[in-house]
Amino acid sequence: MADQAEVVFVDGVRTPFGKAGDKGMYWNTRADDLVVKAIVGLLERNPNIPKDRIDDVAIAATTQTGDQGLTLGRTAAILAGLPKTVPGFSIDRMCAGAMTAAAMMSGSIGFGMYDLAIAGGVEHMGHHPMGSGVDPNPRFLSERLVGEDALVMGATAERIHDRFPQLTKERSDRFALASQQKTAAAYAAGKIQQDLVPVAIRTESGWGLATRDEVMRPETTLEGLAALKTPFRPHGRITAGNASGLNDGATAAILASGAAAKEFGLSPKMKLVSYAFAGVDPEIMGIGPIPATEKALRKAGLSIEDIGIFEMNEAFAVQVLSFMDHYGIADDDPRVNPWGGAIAVGHPLASSGVRLMNQLASQFTERPDVRYGITSMCVGLGQGGTMVWENPNYDKKAKKA
Amino acid sequence: MTDYTKIDFDSLAALSDDEVVTHSFVRDVPISGGKTLALVTLDNGRDHTRPNTLGPVSLLEYAKTLDELKARAAAGEIHAVAITGKPFILAAGADLSKVAEIPDRDTARKMGQLGHFALGKASELGVPSFVFINGLALGGGLEIALNADYRTVDASVPAVALPEVFLGLIPGWGGAYLLPNLIGIENALKVVIENPLKQNRTMKADDVMELGIADAKFDSVAFLEDSIKWADGVVSGRIKVKRPNEPGKVERLVKWDAAIAIATKMLKSRIGSVPKSPYAALELMKAAKSGTKAEGFEREDEVLSELIVGDQLQASIYAFNLVQKRAKRPAGAPDKAIAKKVTKVGVLGAGYMASQLALLFVRRLRVPVVITDIDQARVDKGVAYIGEEIDKLLEKGRISPDEANRLKALVTGTTEKADFADCDWVIEAVFEELEIKQNVFAEVEQFISPEAVLATNTSSLSVEQIGAKLAHPERLVGFHFFTPVAVMPLIEVVKTPHTDEATLSTAMVTAKNLRKNAVITADTPGFVVNRLLAVLLGEAMRAVDEGTSFQTVDEAIAPLGLPMAPSVLLDLVGLKVGAHVLDTHHAAFPDRFYRSENLHKLADYGKLLDKDDKGKVKGFDKGALKIVAGGKNPRTADEILVALQDGLAREVRLMLDGDVVAAAEDIDLCMVLGAGFPFQMGGLTPYLDRVGASERVFGDTFHHPTVTGVGA
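Residue numbers (full-length UniProt numbering), protein chains in the order written: chain A, 1 to 401; chain B, 1 to 712.
If you are wondering where the hints come from, they were derived from the structure by calculation, not from laboratory data. Values in this document were obtained by computation on a predicted structure and should not be read as measured data.
Below are the DSSO-like pairs computed for lysine-lysine, each with C-alpha atoms no more than 30 Å apart in a straight line:
1) B:Lys607 x B:Lys626
2) B:Lys229 x A:Lys84
3) B:Lys328 x B:Lys344
4) B:Lys217 x A:Lys84
5) A:Lys23 x B:Lys229
6) B:Lys229 x A:Lys19
7) B:Lys64 x A:Lys23
8) B:Lys408 x A:Lys84
9) A:Lys51 x B:Lys217
10) B:Lys204 x A:Lys51
11) A:Lys191 x A:Lys396
12) A:Lys191 x B:Lys229
13) B:Lys265 x B:Lys607
14) A:Lys51 x A:Lys191
15) A:Lys84 x B:Lys204
16) B:Lys392 x A:Lys84
17) B:Lys229 x A:Lys51
18) B:Lys242 x B:Lys204
19) B:Lys632 x B:Lys622
20) A:Lys84 x B:Lys396
When you get a sec, could you build the whole thing from the sequences and use the hints?
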């Protein structure tokens with residue numbers, strides 16, 4: 001029988017996120033190449049990791065066809081130059097794809113089956129627009145298994161506003177504005193760039209190099225946000241400004257058992273405490289992080305007060321606010337998304353989970369006063385996922401000071 | 001020195017209204033320390049099947065782009081310039097179609113000058129310049145890189161080369177001067193002379209690194225990203241570039257001239273002194289030892305212009321196009337769609353030739369191959385031989401163990417012709433005697449389906465007569481290989497009056513699947529290659545029999561620049577075979593083909609050349625010379641050469657009039673691929689036109705206009 005092992009997050013990187021569509025910087029770049037470059041960049045900056053000791057490569061994508069098909073984890077491993085002895089697979093939980101990859105790899109490590117594993121995700125929403133090629137079972141509607149809004153994410157977000165009238169459009173816009181500003185500040189301080197892998201991009205005017213997220217709007221104002229259209233409902237509340245956009249990008253992280261980290265001289269950035277996924281009504285999927293977090297905290301034996309940093313995926317501002325309201329956290333609480341979030345940098349669906357981990361890990365490094373943090377996100381068709389992490393740099397004295 | 005800025009290049013641009021322009025795009029890339037690298041992409045907007053080439057318009061745009069970057073560098077806006085290509089391609093060099101159209105020497109000189117003007121700017125930007133060799137880099141494409149300060153190379157680059165000498169040119173956009181000064185004279189000789197003459201061998205990334213052409217190599221998965229990072233390191237001083245192969249004082253004083261002398265000697269012994277460009281390249285590289293870059297460039301301009309207006313370049317481009325284009329779309333080939341599927345191959349015979357054929361078919365087609373012979377011992381020997389050859393391929397790492405198992409399992413032997421029943425392609429390689437071939441086909445026909453194709457590898461018999469005893473002669477085709485079968489790229493596909501289209505199509509497709517080039521010929525004696533070689537050997541033997549020395553005959557024919565002298569050719573094919581070839585052609589065309597009794601005597605004697613233990617020719621065998629002595633009317637070398645030229649011109653004219661092949665181009669293609677006739681001759685007919693043989697013999701030329709240079 002296997003012994004239970006400690007699971008650590010060694011390191012994670014991502015590509016800069018691009019704007020989906022033919023005007024975006026990755027229009028001429030393949031989805032699989034994005035995740036391959038992330039993996040290559042990850043291994044390059046962790047040269048101590050013996051490539052042949054990697055036990056598995058789990059890569060997430062929501063739409064697993066074309067340049068995101070063909071069992072991405074395996075193809076990406078080969079394309080990234082990993083030894084052919086290293087296996088790989090594809091995984092999908094829509095927006096929480098990479099988070100699920102990380103969780104499942106962690107489970108395998110925790111159970112003692114794996115020593116080292118790569119988890120990541122990619123979504124090229126330019127090549128694979130949301131919902132392309134889907135064929136929902138007619139029973140969903142005929143038997144009213146889900147509401148009509150369930151497959152339109154913006155519509156599910158409008159429903160959060162319906163359910164919690166105190167979550168006004170203005171609060172959403174204000175949160176969105178702060179996300180842009182916090183991201184701009186983090187960029188100015190060089191905090192985001194440290195985990196970016198530059199990507200050569202082919203354009204009509206020759207080769208270029210993607211080194212920054214493409215969709216940031218640091219010039220955003222409240223007035224500007226207020227004037228945006230509400231495409232999901234006439235006089236609705238969800239706009240392009242208080243939601244994440246349509247993006248291309250990829251992420252990759254390396255997870256290890258505590259023993260393997262020691263063996264190869266790696267310095268873990270985070271220790272995994274617990275994880276949980278939970279389901280909610282599909283037509284109001286954005287509240288998914290609430291039950292997922294409750295479950296994860298329960299498994300960890302922690303309470304919300306123990307959490308020092310929240311890396312919440314900002315699919316929609318209102319959906320993060322619903323979580324914060326639930327726990328009585330103020331809209332501008334500095335513990336939540338200190339470097340901004342998906343509203344500013346983008347949300348290439350299945351890749352985003354590892355981006356949250358990258359940023360939490362980087363903040364752990366500079367915040368020895370924080371012991372625990374969470375990464376959490378909502379998922380289409382009514383789900384949420386949360387992972388609770390412990391800071392290996394935690395220092396009681398720092399906390400008192 | 002030439003002031004390139006004062007030259008008006010407009011006359012060149014006028015040549016180029018249909019040029020596929022390779023554009024120079026620029027994008028700024030941030031590097032460390034707040035600096036900027038300007039990344040130039042060369043891209044002609046086509047996919048990788050139409051590589052970037054460098055015509056006048058492309059070069060002028062490149063020059064203008066680098067001028068703008070120089071200005072930006074001076075203004076402090078950029079801190080480095082890097083140049084790379086579109087996916088898989090940096091650039092495939094000068095646009096050859098444009099070079100072939102140059103009307104006069106002045107324009108030719110300007111073509112060289114424009115290259116120097118444009119490419120040379122990469123070393124005068126005021127900031128470090130880099131070329132990221134991301135893909136194919138040939139000729140001028142590689143010279144773009146050589147003109148820059150630093151180079152990186154993609155680990156999976158398909159080919160890097162300076163193939164100019166192969167085409168009758170020299171690396172004249174800086175290559176002849178810059179390369180030896182970058183990587184040393186011996187390495188440069190390998191790239192500029194040795195590789196092009198070894199069937200135009202190209203380099204991979206490891207060679208490029210080992211020779212010192214590039215400073216860093218990166219895997220293709222993140223080649224551009226890594227190259228930019230490396231360039232950043234060089235610009236910021238974090239990376240110091242070392243070039244151990246860069247020639248020092250000692251090399252210049254001691255090694256340089258000696259290396260050139262050795263190379264010159266080797267070249268003379270290998271290719272004779274007819275081809276001009278290799279020797280011109282040697283001279284340029286010799287001079288590159290000292291003096292300035294500007295002087296080197298000026299020398300290149302002169303030499304290049306001389307070669308461009310000469311006959312050899314035109315002939316070389318003509319031959320190159322034959323091999324690259326015409327060989328891929330054979331004249332007279334029927335629709336591929338009507339070709340029959342070849343799923344099992346039968347080889348009649350198990351001797352040396354038959355085994356060679358079986359090996360080739362099984363390797364390339366990967367279908368069952370069954371061989372047969374008159375007794376089990378011969379069959380077993382043949383199968384064992386094929387197995388050993390497959391093992392050799394395995395040992396050399398050319399095939400995997402699984403592939404070796406697969407191939408061996410596909411080869412079987414039998415003495416029962418009934419085992420050929422399910423073959424859909426049966427080729428014979430039995431003794432070269434009509435009745436034997438007729439019978440062996442007639443016998444096997446009883447067992448095979450009426451649609452199965454029958455092919456004969458005869459070199460001298462009538463294919464139609466070989467099929468005389470067949471119930472279905474329409475499925476018989478000649479399929480004439482050249483030895484060594486594994487190496488020689490040509491198959492003469494012989495069509496008889498009965499051969500049907502489906503059979504011909506199957507033969508053409510099969511040749512292609514064997515990775516050979518096929519030329520369709522009529523069923524006439526000697527087909528193409530042997531018929532013309534019979535003229536050559538016949539004229540040589542006629543002169544010998546008349547009393548001319550073998551040595552004089554060899555010298556007489558040397559101006560053609562053939563890969564070997566007649567005496568060496570006779571030695572190679574064997575004196576018996578040589579005598580037989582002359583006999584058969586004499587029998588077919590007694591008034592035109594010479595038959596030599598002396599050659600039969602030599603064949604009986606068994607030896608013509610005197611060789612040392614290593615097989616190197618020392619001279620003629622004394623006994624052999626005694627046998628051929630006694631002729632009373634020796635001729636001069638000039639007389640022999642003219643007689644040969646005229647003989648060849650007459651025979652080619654007759655072949656074309658008799659529709660042996662579709663066009664003169666096919667004769668040349670056969671001679672280049674099947675007999676190794678050199679590019680600088682254009683195969684054969686451009687040479688016959690330019691030396692006046694065509695005019696002398698039939699009062700016209702084979703080509704209109706002739707394939708000749710525009711002269712000075």
